[in-house]
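Chains as they are written, first to last, in the numbering used here: chain W, 880 to 1223; chain Z, 59 to 338; chain Y, 10 to 269.
Read the hints as simulated data drawn from the structure, not as lab findings.
Don't take each hint at face value.
To be verified - Computed beta-carbon distance windows for the label pairs: (1) Y:A102 / Z:G195: 27 to 35 Å; (2) Z:R335 / Y:E135: 50 to 58 Å; (3) Z:R332 / Y:L256: 31 to 39 Å; (4) Y:I83 / W:L893: 40 to 48 Å; (5) Z:N178 / Y:L196: 22 to 30 Å; (6) W:D947 / Y:L256: 49 to 57 Å; (7) Z:F72 / Y:L196: 37 to 45 Å; (8) W:S1171 / Y:A102: 39 to 47 Å; (9) Y:S72 / W:E1014: 52 to 60 Å; (10) W:G945 / Z:V148: 24 to 32 Å.
To be verified - Stretch-level coverage of chain Z by chain Y, calculated; a stretch enters the list once three of its residues show a Cβ under 8 Å from a Cβ in chain Y: (11) 74–85; (12) 158–164.
Backbone N, C-alpha and C define an ideal beta-carbon position, used for all residues, glycine too.
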Amino acid sequence: MTGVAVELTELTRLYGPTRALDGLTLHMQPGELVALLGPSGCGKTTALRILAGLDEATSGTVSVDGVDVSTMPANKRDMGMVFQAYSLFPHLTVLDNVAFGLKMRGKAKGDRLSRAAEMLELVGLGALGGRYAKELSGGQQQRVALARALAIQPRVLLLDEPLSALDAKVRTQLRDEIRRVQLEVGTTTLFVTHDQEEALAVADRVGVMNKGRLEQLAAPAELYAHPATPFVADFVGLNNKVPAQVSGGRAALLGLTVPALSGSVDGAGLAMVRPESVTVAADPTGSAKVTSVSFLGAISRVIVTAADGSVVTAQMASSAARVFSPGDAVTVGVDAEGVLVSPA
Amino acid sequence: MRRVRDGLPLLPFFAVVVVFLIIPTVTVVVSSVYVDGVFSLERVAALFTGTALSALLNSVLLSASTALLGALLGAVMAWLIVSSPPTSMVRRTVLSLCSVLAQFGGVALAFAFLATVGLNGVLTLWIQQATGWNLAGSGWLYGLGGLILVYTYFQIPLMVIVFIPALEGLREQWREAAVSLGASTWAYWREVAIPLLTPAFLGSVLLLFANAFAAYATAAALVSQGSPILPLLIRASLVSEVVLGQSGFAYALALEMIVVVAIVMAAYNLLVRRSARWLA
Amino acid sequence: MISARSVVRGALWVLFGLFFCFPLYAMADFSTRNLLAGGRTGQAWANLVTDEALYQAILVSLSLAVLTVVAMLILLVPTMIWVRLRAPWAKGAVEFLCLLPLTIPALVIVVGLRNVYLWVTYLLGESALTLTFVYVVVVLPFSYRAIDAALSSIDLQTLAEAARSLGAGWATTITRVVVPNIWSGVLSAAFISIAVVLGEFTIASLSGYETLQVQIVLIGKSDGPTSVAASLATLLFGFALLLILSLLTRGRRQQTGVTL
């Protein structure tokens, strides 16, 4: 089963004076998993619901496989949707839940139950067909919801923060599960989340949204290494914000200069530096001092105060961090292609 | 020993409840089968003859019809309220009005209808002036038909109060999930909403039945002569023992009432528990 | 944008509104009608205070309402607190007994009450105020639910232990620590009990006492407008009580509009 292309063009959604969506344009390739990432209120769920047909855009178009579906009612769009929680029908067994979409399409009982059983196997819950939603754990319920959405062989799969209501450990397991199933089935998928780790882990491309606008759409690695705006740099991954002076395309910070990435301001500003790009070297003549060392398992974070008073967090393997103690004199450096400097 | 000491402060409560609730109930049960100190089922047997039997049948008819009417109309009204935008003032007002009409109305409702469709009622006079037809002429208000109309007036609000929690328990995600899976509005109702609401609805019908069956005040205020229904027959046998030629017949009638209500309420409780499993 | 849906909804609201409001309007009209000369008169409403029997009945009912609320609170609040703190094994029994009056009709209670009240009148006299005891039982279900909900929303255990460890006796703990924290439940129970007592007819009339509702029915045989006025007053008062109550205890439940 191959996926189809999905195109959201210039979507705008107004609630009175509020712009929930402000000209969102997003083109999804067949079979691709795009994650929409952003803080609450950024419009990501609104975009998903407009695509599903559960909400109507004030202007703009939605097209699936080349056909404009903007005015098509939700129940005809042939899209599978997984909600955040509590979406399984409580009065039906798990099997009947999964078979529901097939029942709506008029499939014969034998056919739809066997297909439903197949989908349950796909998500690893083949044995639980006779149970009811209340008897399942949160993670299991979401798997059933996924099976139910896929049973109808939808052209598009929509996931609205499917992992947000689950425990941390279940979340990591289930997101890999979802990705595995999605790759196997090949459906074009839109995955909405506010958890940047989740988005980076499962998506082919990640779209970072803020205040109804798409700030950047890129593959996870690209997004991480080359954030296009200060918001993206701040939202995705941890960041130090270090005072810097930019001139001639180079930024001066922490006593050294590095190239300033395009999009940086000129003059005084705040440079975004990833903790893993900060180097710390023991140096009795160094002007910086170690303030604290946090052991986090495989990695540790070393917090250093520079000569000019700015505080920087460095991340390194715990084996390397072992040599540092609070009060040590050190030299800090930046090991990156460049830094993005935003207005102070 | 510890239990006894911890239980002592609960005595006043238990005392009041036992004396003013349990003892009267037990008195009714016992006195209906013990005539002059002798065990006898003659009173109970008399329940199924003559006036008593027709009163029972009328009560069942009245309760069942107003329960169904009230449940259907009340469900519609509950849906209206619940699907309105949550403008708190309108909702609060309507729900307060429903509480008053459903539970504390009794006598007042009888007079409300007397003032509307009684002999000198506002509506009666209007229609009389307009068409010359006397709406209240036949005195139907004081018979079973009138009681059905008036009872429905308090059954609908009761249904609203009892059914709204079930409607509010219908999660929006279920409708959206059904729609995204291809269900039309009708299919959603048929496959999801109605099956989920049915236990609550049936339970409410039972509650309305018990409510009408045990109701006294409204009927007593409307009907001053005759005893078409069971509660009024109880009044008659309490007020004038001579009418039925048997003293203490009231006990048997009361026993009958409590048995019917208890059975209906037990069934109601079963249904409510099932509904709460899905919709709480 | 007017859709078919809104038209249907609008029509339904109007129909229901008419059905429920018309009798109330009729009551207002009927009670202010000047039967002899035509036009309006406030005589029926004036009778609420000038007619001696009716006025007395109003006082009796109001006193009963107050007594019942006080007795109910004194009986129920300490009991429910005690059950939660010291006698959890009794919770099932207490809850069952409190909800029992919903299943035992008032009519049945009054039939079986004769013997009990022979004793009560023997000990306490013939006053209608002795109805308080029965009324406490009648209002139990509503009061129990209201107070139980309020008690469930606070950490009773911790509050009580804190108070006691600081030296407070049980009476102080209950009145000065717990009650202020379950105030909405107490108010709820009180207001609903008042409405129930003021509207109660069955037990009062068949026991031969002259409360407000009994008097209304008596008067109704000879003076329609006055009894209609009194009935409307009862309804409006009850409505005002419950409206005030709902404003005071602002939405504990999440109220959302539902799309169906």
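Here is how each hint holds up against the structure:
1. Y:A102 / Z:G195: 27 to 35 Å: Check failed, 55 Å falls outside 27 to 35 Å.
2. Z:R335 / Y:E135: 50 to 58 Å: 51 Å, holds
3. Z:R332 / Y:L256: 31 to 39 Å: Hint holds: Cβ distance 35 Å, inside 31 to 39 Å.
4. Y:I83 / W:L893: 40 to 48 Å: 58 Å, violated
5. Z:N178 / Y:L196: 22 to 30 Å: 40 Å, violated
6. W:D947 / Y:L256: 49 to 57 Å: 50 Å, holds
7. Z:F72 / Y:L196: 37 to 45 Å: 26 Å, violated
8. W:S1171 / Y:A102: 39 to 47 Å: 59 Å, violated
9. Y:S72 / W:E1014: 52 to 60 Å: Cβ of Y:S72 to Cβ of W:E1014: about 55 Å, so the range 52 to 60 Å holds.
10. W:G945 / Z:V148: 24 to 32 Å: 47 Å, violated
11. 74–85: Held - the stretch 74–85 of chain Z has 10 residues with a Cβ nearer than 8 Å to chain Y, which meets the minimum of three.
12. 158–164: holds (count 6)
Violated hints, listed in ascending order, are 1, 4, 5, 7, 8, 10; each of the other numbered hints is respected by the structure.
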